[in-house]
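**Student:** Each chain is listed here by its residues.
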Amino acid sequence: MTNTLQAPPVAQGTSAPRAAGGPGRTKNLLTRTRPWLLLAPALAVLAVLLLWPLVRVFLFSLQDYGLREIVSGEPNWIGLANFGEIFTSPELYTVVLPNTVGFAVLAVAGTVAFGTAVAVLMASLGPFWRTVVGSAIMIAWAMPAVTGTYVWVWIFDADRGIFNETLQALGLQDEPVNWFTNRYTFYAIVLLNVIHHGFPFVAITILAGLLGVPKEMLEAAEMDGAGPWRRFWRIIVPNLKQVFAVVIILSTIWDFKVFAQVYLMPGGAGSNREALNLGVWSYVESFGQNRYGFGSAIAVLLTLVLLGITVVYVRTMLKEDEL
Amino acid sequence: MTADTSVRATRRSARKTRSAAGKAVLVVLLLAFTLFPAFWMLSSAFDAKAGTGGQQLLPREFTFDNFAYVLTEGGFDVFLRNSAIVALVTVLASAVLALLASVAVARFRFTFRTAMLLMILIVQMVPLEALVIPLFVQVRDLGMLNTLLGLMVVYVALSLPFGIWMLRGFVAAVPVELEEAAYIDGASWGRMFRSVLLPLVMPGLVATSVFSFITAWNEFIFAMTLLGGASENYTVAIGLKQFFGEHSNEWGYIMAASTIITIPVMIFFVIVQRRLSSGLVAGAVKG
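Protein chains in written order, with this note's numbering: chain A, 1 to 323; chain B, 1 to 287.
Incorrect hints may appear among the rest.
In silico EDC-like pairs for lysine to aspartate or glutamate, Cα to Cα no more than 20 Å straight-line [claimed, not checked]:
1) B/241 x A/216
2) B/49 x B/73
3) B/241 x B/73
4) A/241 x A/216
5) B/49 x A/159
6) B/16 x A/222
7) B/49 x B/65
8) B/241 x B/77
9) B/16 x A/219
10) B/49 x B/61
11) B/49 x A/165
12) B/49 x B/250
Per label pair, the in silico range of CB-to-CB distance [stated by the list, open to error]:
13) A/229 x B/75: 36 to 46 Å
14) A/70 x B/184: 57 to 67 Å
15) A/319 x B/39: 39 to 49 Å
16) B/52 x A/227: 51 to 61 Å
Chain A residues, not near chain B, derived (Cβ > 12 Å throughout) [stated by the list, open to error]:
17) 49
18) 61
19) 80
20) 81
21) 89
22) 92
23) 169
24) 235
25) 272
Keep in mind the hints are simulated off the structure, nothing from the lab.
Note that the Cβ used here is the ideal one computed from N, Cα and C, for glycine as well.
One chain only, chain A, in its complex shape (with noise of 0.2 Å):
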């Protein structure tokens, strides 16, 4: 889902939907259970196919459950079993916890700070350039991210990658590195790729805020003798701070839950614990050691974090447009 979401068009004819239900009152039970039967398709699809999937992986969190209780169906409750194990593992505490909130701070800031940054330089630009610069970020949104992150790998592969490659030709290092086994430099391309992937929304988004900042309000306080990082943080950031807030927050959604970039990688997939973040780790305990309750309980809590973002995410929205 991360790349196809979007900030939800904004101001769309934003008076009251009327109750334009239908002609004449002859019809009046029709016309009031319209809207259930319309709706009817979709909500069963979402009933069935996400909120009960969303119950069962609490329930699933709550058991022991394995290969054997798939295939019996027998539930084998234990509490808060699985959760006891999840915050006593010194895993958490070292290697997951920050692989996945360090990282996700990181990666709001770099996304944010360059999205913005090409945001302001697209604005000055002429119209020519302006397509080009914006057309070519398009190309690097479009890019998947598992084909991007092959990419990288490629990229930035042990034996024949062009980095390695380039590193020795100039003479910086004498033996290709392989950059994947350690976690800070496995981060870092996980980092460049998130950012690489993540700041064209960022600068699209921010840039058609600036364009509606007024512009007698920046020439007025260039004429009082304000420079551009001044009228930067004393008039852009203020203007914007609705489209600054729906930004940030999703972007720190999107980037909780890396999974593709991290798990496609070299070691990625489990073989390296070090690499782990909680949506790996996850999905690792699952379907690597057929430990579906234990995964489960991670999944939970990488959704409550999650849903405690979204909630911050949609009082921001509804403060800017009644739904």
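Using the hints provided, position chain B relative to the given structure of chain A.
**Tutor:** For chain B alone, coordinates are given in the frame of chain A:
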């Protein structure tokens, strides 16, 4: 002109050239960073010696062999067909469901309407890692593991919330006056829907469909989990894995296959971008 102002003017113009040059450098750097992965993918895909080391920026020996291999022996002809079927069914089913639901939330006021919208918004944020475990068990219980049908059903559900959310904006943008005019002309609700609402919401429907196409085409976790054993049913996103060997990877093949996967997504991306910004109902209501 006094000496003072002319000095200031030259200083200002010097600053202008310097800032223009600085901007040019920034644009070049930005383009290089943005385009390098895509460029490197293409360059390796067309290089006969990709993965043998010492690769240059441009292919040393230009070839189509990587593509030919991927599409025949590599099995990507089958994977492409699978992905196309899955994506097509997903797009059609989710377009119909999302359109009906979005009309309901955009055009009617009813109890639980706001709750419904909030639920749709929140459900989009649920991480796939949390859904994959219960859905794996569910699909397994239904005996649909390793089938494309199981995957399609899941993808319809995944693309629905966003589809409803986005289409709702497009439906709301159609002026209610047009609907009322249709009723005055004696049209039933169904007739109004077909002849007034549907044509006007079409651009939005196209954009939403493109997004669900991209979801189905790119999705990776569910394809990997639900199709695990049946490589003849693989979609393109997981078909790539087989070019990774135990000791060496066939980078020429991987990059050629990646190019094949990426191109449809890029084309569709361009289409949506234009559709989304085009005037929605421009000219439909005359002053």
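**Student:** Run through the hints listed earlier and report the numbers of any the structure violates, in increasing order.
**Tutor:** The structure conflicts with hints 1, 13, 17, 18 and 23, although it agrees with all the remaining ones.
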